[in-house]
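Engineer: Listed below are the residues making up each chain.
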Amino acid sequence: MALSGLDIYKLLPKTNCRECGFATCLAFAMQLAKKSVSLEKCPYVSEEAKKILEASSQPPIKLITLGTGETKFDVGNEAVMFRHEEKFHHECGIGFIIEDNLKDAEIKVLLNKINQLSFERVGLQLNVNLVALKQNGQAGRFIEALKLVLSSTSLPLVLMSDNVAALRPALELIRDKKPLIYQANKNNFSELAKLAIEFKAVLVVQDTDLDVLSGLAQEINKLGAVDLLLDTGKKSISEKIWDLTQIRRLALKKSNRSFGYPTIVIVEENDPYEEAVEVATYISKYAGVILMKGIEAWESLSLLTLRQNIYTDPQKPLQIEPKLYPVGQAGKSSPVLVTTNFSLSYYTVLSEVEASKIPSYILSVDTEGMSVLTAWAAEKFTPGKISDSLNQFGVADMLSHKNLIMPGYVAMISGEFEDTSGWKITVGPKESAGLPSFLKNVS
Amino acid sequence: MATQLMIEKWLGNVSTTTIGATKAEGGTRANVVKIGGEQGLPFLFQEAAMPNKPVIAFEVWDIPPVDWPDELVKSLGSVVNDPFAWAEKCVSEYKAKILCVRMQGAHPDFGNKSADDSAKFISQLLKKVSVPLIIVGSGDDQKDSQVLPLCCEAAKSERCLVGSAVQENYKTLVGAVLADGHNIIAESPIDINIAKQLNILISDMGLSLDRIVINPTIGALGYGLEYAYSIMERARLAALAGDKTVGSPFICFVGQETWRTKEAMISQKEFPAWGPEAQRGVAWEIVTAAALIQAGADLLVMRHPKAVEKVNKYIGSLMESSL
Ligand code: SF4
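Chains as they are written, first to last, in this note's numbering: chain A, 1 to 443; chain B, 1001 to 1323.
Everything labelled a hint here was simulated from the structure, so no lab data went into it. Quick caveat: nothing in here was measured; it's all calculated off a predicted structure. Among the hints, a few may not be true.
[Said to hold, decoys possible] Just some of the chain A residues that point at chain B, by a computed CB distance under 7 Å:
(1) A297
(2) Y325
(3) Q329
[Stated by the list, open to error] From the derived model, a few chain B residues whose C-beta atoms are all more than 12 Å from chain A:
(4) G1012
(5) G1026
(6) K1034
(7) H1107
(8) D1117
(9) N1169
(10) T1261
(11) V1311
(12) S1321
Heads up, the beta-carbon is just placed ideally off N, CA and C, and yes, glycines get one too.
Chain A extracted, bound-state conformation (with noise of 0.2 Å):
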């Protein structure tokens, strides 16, 4: 957590002996509070002083990135408890567990289903991020089954095994690929540390006692392994809730540095309905990692969709650029529809458009991304802000009508458009799964 300028001055030598350019060391420690100036200006600060400035300086929970290449992503260097205070800022990874005892046949099955996870919603890819890999058995079988993991997918990899001698080798395999190692306890940890460090990869913690945990956590971080995920290992949903929301309380309001790390969280439950609801709960309540089992594009795809929600900046709806978008072959004589720039509302609507196959135009109007009804509330959807964009975007030029379909909810605002711009106005749907039929009718 950032130190205020008081608190600053009291780490301070306090002798105002002006070597660092200020005339005061209280003068010197405003600058630092504000970073404008580096502390090696102060050649008199004490070694403990420096620790607890660099600590202050670095976010309360740490970025982990895991993987390398196109598909590594980070998380952690969260700042806030809700979202609505700033934002959520890296997306939970959501990976899938595969047991090692299944045969070759079988996992090759589930990889190619992993690999047809991807969606797109409202403009952006929607993915998965992570394969774990679980050892039941012998080293030598984990080897063999990583090898076949790593021949059909590109992300990042968990190795799920407490066996040193299953996860050295394994480590060779991907050396340099930034894995995530499952997981470290109190029996195991000098030893996996090592790995970590030697292998550069990120290290899970585990232990149901977060007193325990954090201890744990420490001792880890001393002997050099710093890239951590913390995880409490198997509880009921809300008593899950409750770790999650400490160690994140800890971590932001604390400064408790032995919780300063993203979480993992294994979801084991066999009934997809109920892993679905499980996970849903973790993606919202500040897990950084999701482990789970079921691979069904129905499941994924809703709970990837619940992680861009949750993760979507609240001070910024996600927008698209405002213009005049063709839809098939748009021509001459093609229907005009209106709608405003927020991502959801144009892609409800392109979505109808190329259900109905009519080549059509979308007139996206600059709203600054607010949605048809909030627009027009906050008069960001009025006849003067359709006709700057018919003009700037040259529309009728492009037409031999003047025709133009409003959406339903802002029918009220036709009659003036109309007696302003010259333009044709017919009333659309109210809701887009209407659009098809009415194109049908109109065309």
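Use these hints to put chain B with the ligand onto chain A, whose structure you have.
Structural biologist: Coordinates of chain B with the ligand only, in the frame set by chain A:
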């Protein structure tokens, strides 16, 4: 060194609303449903009590459903063609503890049933099922102002939850609710200030705050869910900090919003990459519900029996450690 946990204690709490009245209380219901009463954020039992669990109300209509996707209708079976049989099935087979009946048939586009006929329907329904009722209008404001007061009267003393009152139109409904001893749904368009304002206006008319349930107007998963999610969190934090005027429980119309999304409806044939619609629709409804429960939802109105079953089980396991 022992870790000092961070326990948050709040000054305020959510009010408790009781829906349904038993014989002893002047009604005819076999059970009552209590919602709200939270003394802290959801499911953090170690720092704050949550005396009542979130409750799911099955949504039924006074006419056979219109524009519901096939999968959803199939899941309920042929009973949907007879609203009373539909309601009875929800109670007897799906063990519903409360029903939400939508007076859709009164809507000018859906049969334009008279206010008298609507009231008659409520009287009969009260005889067929013994669980508490939520009664909501057809969505046509003008018609609802005629229909709902008569429905209130038909259910006099049954302590229903009736809605919705909106900022532009609340007086008639508040009057009826007051006269006949019900609770009211106060609906605001994803706006915490309007929610607060409306609660004040309603309580100024003499309906106490513990008889108001806030409908924050949710969007389904992928359709603006995050707006309501954050409005609910903000309102709840304000309530816990001591602002009683936003301290009412939340009702969320999860089924209504879910079952008009493309993801819940479109067939696998059209979107092979999305998987079978039968499971996809249910998943859409339960994930929407789960997220809203985490944001503080107290009462969820849902449609699909499978989704209701799974979310009920989820609520059960969430509440396990509350004892
Ligand atoms: S150099 Fe250090 S001790 Fe000297 S005035 Fe600056 S801050 Fe104070």
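Engineer: If you test the structure against every hint from before, which numbers come out violated?
Structural biologist: 2, 3, 10, 11, 12
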